[in-house]
Every structure is written in C-alpha cells, then in structure tokens.
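S.K.: Listed here are the chains, written in short residue letters.
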Amino acid sequence: MTTRRMACILCPSGCELDVRTSGEPTADSVVVEGNLCPRGEEYALEELLNPRRTLTTTVLVRGGVGTQTSVKTAAPVPRESLAAVRAALLGTTIDAPVAIGDRVAEDVAGTGVDVVATRAIPRRSDPVDVRLRNR
Amino acid sequence: MSDRRETDVVVIGGGPAGLSAAAAAAEAGAKVVLVDRNRQLGGILNQCIHDGFGLQAFGEVLTGPEFAARVAARALEAGIEVHTDTMVTDLTSSRELVCTTSGERYPLRAEAVVLAMGCRERTRGMLRIPGTRPAGVYTAGAAQWLTNMADVRVGRRVFILGSGDVGLIMARRLVWEGAEVAGVAELLPYPSGLPRNVSQCLEEYDIPLYLAHSVTCIHGRDRVEAVTVTRFDERRLPIAGTEFEVACDTLLLSVGLIPENELSRNADVVLDPMTGGAVVNERYMTSVDGIFSCGNVLHIHDLADRAAEEGDRAGRCAARYALGPSTSRREELRIDAGEGIRYVVPQRAERSAEELLVSLRISEPADRCTAVVTAGDRVIAEESLRHGHPSTMVQMRLRSRGGIDADRLEVRMR
Ligand SMILES: Cc1cc2nc3c(=O)[nH]c(=O)nc-3n(C[C@H](O)[C@H](O)[C@H](O)COP(=O)(O)OP(=O)(O)OC[C@H]3O[C@@H](n4cnc5c(N)ncnc54)[C@H](O)[C@@H]3O)c2cc1C
Ligand code: SF4
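Quick mapping for you: the protein sequence lines, in order, are chains W and V. Here the first sequence is numbered in our numbering, starting from 1 and rising by one per residue. Here the second sequence is numbered in our numbering, starting from 136 and rising by one per residue.
You may find that some hints are simply not true.
Reference excerpt, derived from the structure (chain W facing chain V, CB under 7 Å, subset only) [to be verified]: (1) 7; (2) 16; (3) 34; (4) 56; (5) 67; (6) 68; (7) 70.
The set of hints was computed from the structure by calculation and includes no laboratory data. This structure is a prediction, so every number in the text was calculated from the model and none was measured. Virtual Cβ for every residue (Gly too), placed ideally from N, Cα, C.
From just these sequences and the hints, can you work out the full model?
M.R.: See the structure below:
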C-alpha cells in the first residue's frame with residue numbers, strides 16, 4: 001500500500017488528494033481522500049495511469065521588443081514525450097509581432113498538440129500603445 | 136512637465152496586485168494613475184512562464200504572462216492611465232509622489248495611494264556564506280529572468296540553496312533546458328515551497344532534496360566549481376563530520392523573499408516585523424490615512440490569484456476613501472498571531488467591520504489541525520486544515536453582524 005499526495009487541478013478548489021494504491025492502479029483499487037467531488041477520483045486515476053504535463057519554455061523572436069517569448073503546449077502532453085517536445089522546439093524562431101495564443105508549432109513531436117505563444121511581443125518598430133503613454 | 140498633477144488614486148506597481156487595485160478603483164469611479172518601473176505591465180509574472188496560475192481567479196490554468204495579460208486588460212478597459220518605464224522615487228505621508236523616468240522627474244499627488252511594489256529576493260550577502268566570490272552565483276529569480284527573458288543559459292550543473300518556490304520552479308526549468316540539477320539543500324526540516332512544487336519540480340525529475348542541510352562553503356576561483364553541503368541540527372548548528380562536496384558550476388539561491396518597502400518607510404508607514412510589510416486594517420489601509428497596501432509588498436503570497444484578489448479589495452477601499460467624505464479613523468481592534476501562527480493580515484480592524492478576510496501562515500507543518508479565531512474565550516471562527524503547511528497561505532472569513540464586540544482578536548492553532 002502506497003500513499004501519494006497530489007493536488008487536483010480540475011477546478012479552483014484545488015483539493016489536496018491522498019491517493020492510496022496497492023498493486024496496479026485501477027478504478028476499484030485506488031482509494032482517494034480529500035476530494036470535494038467525484039472528478040477528483042478521475043483525476044487521480046489519470047495521474048497514476050497516464051500522467052500528462054504542460055511544457056512551458058521560450059522561443060526566439062525576430063524584430064521584437066526583447067529577444068524571446070514564452071510558449072506552452074496548448075494541452076498537456078504525455079510526460080514521457082516532454083523531452084521530445086522540448087527538442088523539437090530548439091532553434092525555433094518566429095517573427096514579431098506575437099500575440100498570446102499565436103501558434104508556434106503544430107502537432108509537436110507527434111503528440112497531436114500545438115504549441116502556442118503565452119506573451120505578446122510588439123514589433124520593435126511599432127509605436128508604443130498610446131494608453132501606456134498618455135502622460 | 137513640472138506642474139503638479141492631482142488625481143484620485145495612484146497605484147505604485149503594475150503586477151497582479153497593483154493592476155487589480157487600479158481596475159477596481161477605476162470601476163468604482165475613481166481617476167487612477169498606475170506607475171511601474173518596467174516597460175511591460177504584469178510585474179514578476181512576465182518571467183514566471185510556467186503554468187499553475189489563474190485557477191482561483193479565472194477557473195482555468197494559465198501561465199504567468201497570460202494571467203498578467205488578463206489582469207492588465209481589465210485595468211486598461213476600466214480606463215486607467217499608465218506610466219510605464221517610470222519609478223516612484225519618493226512618497227510622503229501626505230501622499231505626494233516623485234516619479235522618475237529616463238532623467239525626467241515629475242510630481243504627483245493623490246487622495247489615496249495603493250502600495251503594490253511586490254518583493255525582492257534575499258541575496259548571498261544576507262546569508263554570509265564563506266568561500267570565494269566566483270561567478271556563477273545567482274538568486275533564483277535572477278536566473279529565471281536570464282533564462283526566460285534574456286535567453287541566457289545560467290549553467291550546466293546547478294546546485295540550489297533553499298527550497299523556496301522560485302528555486303523549485305527553476306530546478307525543473309533548467310532540467311528542461313538540458314542542465315543537470317545536482318540537488319537542493321534546505322536548512323529547515325521541511326521544504327519552504329508549496330508541496331505541489333516539490334512533487335512537480337523535484338520528485339518527478341529525481342532531484343535530491345536535502346532537508347536540514349545548507350551550503351557552508353563555495354569553491355572555485357573564477358567560476359563556481361563546487362559547494363560544501365553540511366547537515367544542521369534542530370538548533371540550526373552545523374553537525375561536524377557531515378560535510379560533503381557537490382561539483383557544480385552554478386549555485387542558485389532561493390532563500391526567501393522580502394517585501395519592497397523603502398517607499399513605505401519614507402512615508403512613515405508602520406511595518407510589521409513578522410511580515411516585513413505594512414500593518415493594515417480590514418480595508419488594507421496602513422497606519423497612514425489614505426495609504427493602502429496589497430500583494431507581495433504587504434505579505435508574501437504563494438498564489439498570484441490571491442495577490443490579485445487582495446489588490447481588488449484594496450483598490451475598492453482606496454477609491455471609496457478618495458471619493459468619499461473625509462472621515463477620521465474609527466476605533467480599531469487588534470488582531471494578533473497567537474500560538475502556532477507566524478503572522479496574520481490584517482493586524483487591525485474597525486470595530487464596526489461586519490466582514491473580515493484574515494490571511495495567515497502557520498508556523499510548523501501539521502496534518503489535520505485547526506486554526507481558530509478567538510475573542511477572549513469565545514471562538515468566533517475556525518478552519519480545519521488537512522495538510523497544514525507554512526508555505527500555504529490560509530484564509531478565513533469572519534462575519535459578525537453589527538461589528539465585533541472585543542478589543543482584541545487572537546488567531547491560534549488548537
Ligand atoms: C518565481 C516565482 C514563481 C511563482 N510561481 C507561482 C505559481 O506557480 N502560481 C501562483 O499563483 N503564484 C506564483 N508566484 C507568486 C506570484 O507571482 C506573486 O504572488 C505575485 O506576482 C505578486 O504580485 P504583486 O503584484 O504583489 O507583485 P509583483 O508581481 O512583483 O509586481 C510589483 C511591481 O511593482 C513594480 N515596482 C516596485 N517598486 C516600484 C517603484 N518604486 N516604482 C514603480 N514600480 C515599482 C515592479 O517593477 C513590479 O512590476 C510565483 C512568484 C515567483 C517570484
Ligand atoms: S476534487 Fe473536485 S472539487 Fe476538488 S479540485 Fe478536483 S474537481 Fe475541484
């Protein structure tokens with residue numbers, strides 16, 4: 001019998017789950033405590049059987065304010081493909097302007113998941129947003 | 136630009152707390168100016184590119200920059216005026232400010248000021264680690280900025296001193312960037328970062344966490360070559376004979392954050408030695424009338440969502456103060472941190488307050504424990520914690536119709 005503590009991230013309650021397993025985790029053998037709703041159990045089982053993670057990193061930007069923007073996988077990818085995803089993004093350079101949500105890579109490393117920008121980068125030549133300079 | 140500008144509310148700092156305060160004040164009808172020394176709004180969140188933000192505030196998982204953009208958009212839509220690339224260099228208790236931007240200085244005056252300057256990191260100088268002074272020693276936040284904002288690789292083999300959240304997040308980030316993280320040493324017998332960060336950032340990558348250990352010497356002439364790590368006892372004294380050496384080219388320090396209160400001191404704002412931030416009442420007003428405080432400058436938050444929520448409340452109160460008839464301060468009671476509690480915010484409350492949100496941290500980790508708020512021998516609120524931990528801020532909501540009938544409330548563990 002092993003106990004693992006994990007935080008359910010499916011809703012803002014962020015329940016801290018105590019997850020007990022003995023042997024192979026299945027819907028019947030896993031005991032979950034600390035969840036305020038049944039989705040916590042589903043989350044715990046998924047986390048034990050097929051853990052997925054969102055990879056966040058940066059890529060280079062040409063012609064922008066600053067040299068890079070941050071990106072993320074648009075959905076969590078299987079944990080074992082994190083390294084392949086990171087490798088696929090090495091050397092990626094995109095052009096400014098960049099808006100949040102712009103697609104940076106498609107079906108990255110065969111995961112079926114896209115990579116999107118998470119920080120807006122204006123063009124270096126663009127005028128500064130007037131609302132930011134109305135003194 | 137030397138004529139003195141008057142406005143209803145000035146917010147100092149454009150992180151999640153300041154942006155939310157500015158938005159809430161403007162939505163309440165106040166004319167708001169927000170000043171930030173950076174070019175891009177969002178504060179520290181722009182360099183926190185990992186995800187895990189927004190669950191409480193927006194009900195979805197966002198990265199730091201995405202969270203910042205949401206809060207900034209709300210403030211801009213509310214019609215605030217923003218002065219970026221501008222630092223507030225002075226503040227007086229009569230709410231007169233001096234702003235400095237690329238060589239130019241100009242004054243501002245406001246009916247209400249919201250302090251939202253965030254925090255800075257504790258540095259090596261404050262720790263006094265013996266050894267040489269080679270290159271390759273960074274605070275975790277500086278390393279985060281270099282990695283995420285400036286495309287600089289900080290090192291190939293990294294050791295981390297301190298288990299604060301910034302260091303934990305950076306451990307995983309550096310592994311993803313192809314570096315090796317040789318370990319994390321924490322002086323306390325328990326981690327100081329959030330449990331979810333210990334599991335997501337260290338355990339998942341088999342990075343050793345040495346609890347009750349610290350770095351006692353740094354080696355290397357030009358560049359870090361190794362560190363000596365030593366075990367410490369309960370009195371936090373090094374145990375002779377337990378030293379071991381770890382080869383590394385980089386040492387990151389993640390040993391604590393300090394609220395950035397230089398301006399508050401200039402304005403004679405009374406500070407709480409336990410939080411490092413201002414003493415405030417339930418409206419987030421400091422000891423100086425019309426000066427409010429929220430976010431990491433008030434007390435260190437572990438969730439940006441909470442910092443933003445606090446900013447929202449402080450901003451609404453600041454607008455009410457700025458637009459309302461001038462009233463003198465009403466009678467206040469004290470809220471004290473008792474047994475097992477490290478600190479409480481707010482530390483004061485008006486007796487007439489009908490609703491109170493108390494934020495606190497407990498002193499030691501404990502499972503299945505209960506925090507209680509007492510007035511004399513009456514328990515007026517309690518909160519049971521499944522896994523109580525100092526790294527996790529606890530919030531309790533108190534409601535009392537017709538105000539609070541006591542001189543002093545105490546929060547303690549039962
Ligand atoms: C590395 C790291 C990781 C984190 N991870 C998470 C996480 O995963 N999830 C989560 O929810 N929270 C996380 N947090 C916490 C969260 O980022 C903070 O709680 C939040 O950003 C605090 O907001 P703030 O507005 O108080 O301060 P800040 O974001 O620090 O903003 C303060 C602003 O004030 C400006 N300023 C300061 N002094 C002046 C001056 N004199 N004049 C003009 N401008 C000034 C600064 O430039 C800055 O822009 C993390 C924090 C760090 C540092
Ligand atoms: S267990 Fe249910 S209530 Fe708790 S965080 Fe998960 S989804 Fe939300």
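S.K.: Each hint should be assessed against the structure and marked as holding or not.
M.R.: Cross-check of the supplied hints:
no.	hint	result
1	7	holds, 5 Å
2	16	holds, 5 Å
3	34	holds, 6 Å
4	56	holds, 5 Å
5	67	holds, 5 Å
6	68	holds, 5 Å
7	70	holds, 4 Å
The structure is consistent with each of the numbered hints, conforming to all of them.
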